[in-house]
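Asker: First to last, the protein sequences are chains L and G.
Just so we're aligned, residue -6 is where the first sequence starts under our numbering, counting upward by one.
Just so we're aligned, residue 196 is where the second sequence starts under our numbering, counting upward by one.
These aren't lab readings, by the way, just hints derived from the structure by calculation.
Beta carbons are placed, not taken as given, at the ideal position from N, Cα and C, and that holds for glycine.
Please note that a few of the clues may not be correct.
Stated by the list, open to error - Simulated restraints on C-beta separations:
{"no.": "1", "chain 1": "L", "residue 1": "Gln108", "chain 2": "G", "residue 2": "Asp234", "range": "44 to 52 Å"}
{"no.": "2", "chain 1": "G", "residue 1": "Asn348", "chain 2": "L", "residue 2": "Arg112", "range": "35 to 43 Å"}
{"no.": "3", "chain 1": "G", "residue 1": "Glu248", "chain 2": "L", "residue 2": "Pro148", "range": "14 to 22 Å"}
{"no.": "4", "chain 1": "G", "residue 1": "Leu360", "chain 2": "L", "residue 2": "Trp47", "range": "18 to 26 Å"}
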Amino acid sequence: MDADFELKTAFERSTRPHLTTLYHSAYRLTGSSADAEDLLQELLFKLFRQFDQWRDLDNPKPWMQRVLYNLHVDLYRKRRRTHGVNERTLDSDAQAIDEMANPEPSPAVKAEGDQQQLRILEALQALGPEQRALVTLHLIEGHTLEEVSAILDVPLGTLKSRLHRCKAQLKRTLQLEPFPENVRLA
Amino acid sequence: MNCIEARQAIGHLDSGVRPEGPLAKHLGQCELCRQHYGDAMLLETLGSLKVPEPSPQFLERALQRASEEAVPSPVRSTKWRIPASLAASFLIAAAAMLIWDQMPEEQAVEIVEQRAPAEQVVALEAHRQEVRIVIHSSDEHAAAEVSIELAGNLELEGYAGQQRLAWTTSLKQGANLLVLPVVLHNERGEIRVRSQFGQGSHEVNVQVARKSQAGRTAPLVEPFAPINA
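Make the full structure from the sequences, and use the hints.
Answerer: Structure, rendered in structure tokens:
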């Protein structure tokens, strides 16, 4: 069998089971379908180039997540330098929400649900790329902080303090306090 | 209400419902339970973020593109072979694959050859294209050192922020192809490819520019310093 064909087949076999999960992570990191597709494509380019380095791993998913995270940070910084922060992302939020596969609610409920989705996406976008990765991996996808530390290559203590700040910011942005601060202090 | 009862009550709160009565009174007095409430609501809110499913067509296309267009690993790949020779019979060709993602390869590749030391100009029509370096060698070499340096706000796709890449590779006799997926952030840039083996070394500078800039006679970029400077 042709060596190139074998390599391509092995790459697809190793990668395909993780594609949907990686796309979901990419969406949470970028906040839009278009950006998630771009990020996933870049990830696959890189994974193919590095295939020799990870093809024999028993569980390659943490490797893939680390590459995804690093690419996300690189692309975020590049875009920030050249075009401003995620202008494309916010433009395409509404379209991305329309694409979500869920039962058709009433227009009023749908509008309210879309608003809530936009609020969450905007709150995530307001975080830096490192913070967003932490929130995505730990609070949304359920990885332990030890696992996140290994994936992001960030010390556990740094992650804990970063998580504390992230939570505080998200609670403020999403208005998740039990009552307004002035009431609490009264 | 004590803290244990408060946390049980928080667990039973419906989404979006503000605490009332004894729970609200307890939260007003207990900072730890207030934090617990905030954490629980945050997890519930973030968990409600719906994520669209990827298009199956996109996934297939992305997988296919990855294995067809990506550059194999420069560290361990057996495909990336630069031929080496102690003789001075290097021939280096740089080719820009124009409109590479739209045209058939045989129509899209424009090859220009030049004897080293080479100074080559390649015109790109897109922000991100492949530049192909072909180096011919008269014999094989087991461990050549190859390096790439980038100037003029160029970068290789997948190697963001790295202006220099170096590795050791085996070389074969004949033509060997190096495909560089170049991202050009400005109108112009320069790639220097250098190989070294035994007592000999060789390098080629490939200047890249957007199509509209390629025909100008002025220097395209600030040139690299001499090798041993």
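Asker: Does each hint hold? Answer for all of them.
Answerer: Now the hints, each set against the structure:
Hint check: Gln108 (chain L) to Asp234 (chain G), Cβ distance near 23 Å, so the stated range 44 to 52 Å is violated. Between Asn348 (chain G) and Arg112 (chain L) the C-beta distance comes to about 37 Å, which sits within the given range of 35 to 43 Å. Checked against the hint of 14 to 22 Å, the C-beta distance between Glu248 (chain G) and Pro148 (chain L) comes to roughly 35 Å, which is inconsistent with it. Between Leu360 (chain G) and Trp47 (chain L), the C-beta spacing of about 19 Å keeps the proposed range 18 to 26 Å intact.
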